[in-house]
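Trainee: In this text, residue positions in the sequence shown follow the working numbering: the first is 1, and each later residue adds one.
None of these hints come from the bench; they were simulated from the model. There could be a bad hint or two in this list.
Claimed, not checked - Listed next, the in silico DSSO-like pairs over lysine-lysine satisfying Cα-Cα at most 27 Å (straight line):
| # | residue 1 | residue 2 |
| --- | --- | --- |
| 1 | K290 | K545 |
| 2 | K290 | K398 |
| 3 | K331 | K398 |
All values reported here derive from a predicted model rather than from experimental measurement.
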Amino acid sequence: MTVLRIGNFSGFYGDRFDALREMLTGGELDVLTGDYLAELTMLILGRDRLKDPAAGYARTFLRQLEECLGLAHERGVRIVTNAGGLNPAGLAAHVRDLADRLGIPVRVAHVEGDDLAASFPGALTAHAYLGGFGIAACLRAGADIVVTGRVTDAALVTGPAAAHFGWQPGEYDRLAGAVVAGHVLECGAQATGGNYAFFTDHGLERLRHPGFPLAEIHADGTCVVTKHPGTGGVVDTGTVTAQLLYETGGARYAGPDVTTRLDTVRLRQDGPDRVRVEGVRGEAPPPTLKVGRGRLGGFRNEVTFVLTGLDIERKAELVRRQMEDALGAAKSRPAEVRWDLVRTDRADADSEETASALLRLVVRDRDPQAVGRAFSGAAVELALAGYPGFHMLAPPGKGAPYGVFEAAHVPQDAVEHLAVLHDGRRIAVPPPHDTRALGDVPEPPLPDALPGGPARRAPLGLVAGARSGDKGGDANVGVWARSEDGWRWLAHELTADRFRQLIPESRALPVTRHVLPRLRALNFVVEGLLGEGVAAQHRFDPQAKALGEWLRSRHLDIPEALL
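Required output: the full structure, derived from the provided sequences and hints.
Mentor: Written as structure tokens, this is what we have:
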């Protein structure tokens, strides 16, 4: 059968608004996918739904579609999106209303069954990560637009591929190939040079406006990752490797339809801005589905004091003692009080800003009063009684609620996965017939170490790329070498213990290293680094987006032959 061309126009809720039009006008496509959901997004949508029970979906998608629905219809491009969030049926109804108003005959279907809030009392949101066969059922029945709630990000690609090629459950290698394609596409421009460690190699002009990615998928599950001709950005084995490592763990990448073996993925450059992905193998999926559960964790507030010039440490100590006295005298001291001194100051600085350090105070409590007026008033009252040069980045406001993300699991057959077709028919999607419990893959043999020779103290990033992200309270950092000799050094040098040395925040935490030789890559998972997840804002970089770049900036003794 013919190649299926699937593109992406959104990697998160808030991505480039014009990307849908750019993808529809930039070249040939069969399907366009829009990924709007993340752990934080589900919590945001949950709060929206508290205010309005009819809300809970990504409103941006409707505005994008109003501009582009006619264009998609004219070009015969189907659209699959998880913008339905907590309310896929509601968004599907709005899309039908929009199509009727515009006079465009489109068939709209949706997928439901992921909402498990009734099984998790006290949760703000609780949604199972569904697979792609509900989407496939909608498309096989003739849908032009399919709206889902919480499916896996890769399901937006596996569903259309299964529908187009007639794949059935159990065709694990083909499904796994589509999972890899979906994982590369899901974050939009991250596959075309966005957030790329070696961005300077390609010139800043080329990366000013990167195009969005697409995959040419074949019936055997192999694909070519590329982008529309003439668009910005770059697609090479480096950009694809970076995205493959993003927010993953070990060699087994579990999903509802298939467990993908990331250690089997092979990449090769197939021409300018074309990367061929092949060799992917799959296994039966696990017997359980992941459930993303969000709840309100309490209330938080923060203030950042600016400390300028001399005696930074003593100034920090003074304001800390003053605030601790005030908080201790309050009726209710916040349950959690955290201080962080960020030394951005320089000696003999030529501007006031570069002469200043930042002292950040964050408080959390289940009682909003404990982080409200008593806290903000204590900070403001120091204005004329504190350290010399006292001021804040902004006065503290009222305490704000924060969310907590937790992962749970339920049996695959405990979820009623439904495809709701454009004519109202409801088709049940059965759970997989065969499953396989997840287990660790034996660590593969490491390459021969580089022979000894002179070394020089230098940043790791001169010879290795990295990309990092979050999964609940855990962080992952994928690190890859650019050459075979670089891999021979990296595989032996960057152990879990060395990672802990380079990233002091991880020293008291479990750090697991996974080896992926075919990608010349190591993937590190740091458990608990992000506390209760991004919405809790546990650390300066709550989603660990820059953790990999921090690692690349750390200095090691690197063989001169690699530099």
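Trainee: The structure should be examined with respect to each hint, and the outcome stated for every one.
Mentor: Here's how the hints hold up against the structure:
no. : hint        : verdict
1   : K290 x K545 : holds (23 Å)
2   : K290 x K398 : violated (35 Å)
3   : K331 x K398 : holds (17 Å)
Going down the numbered hints, you'll see the structure goes against just number 2.
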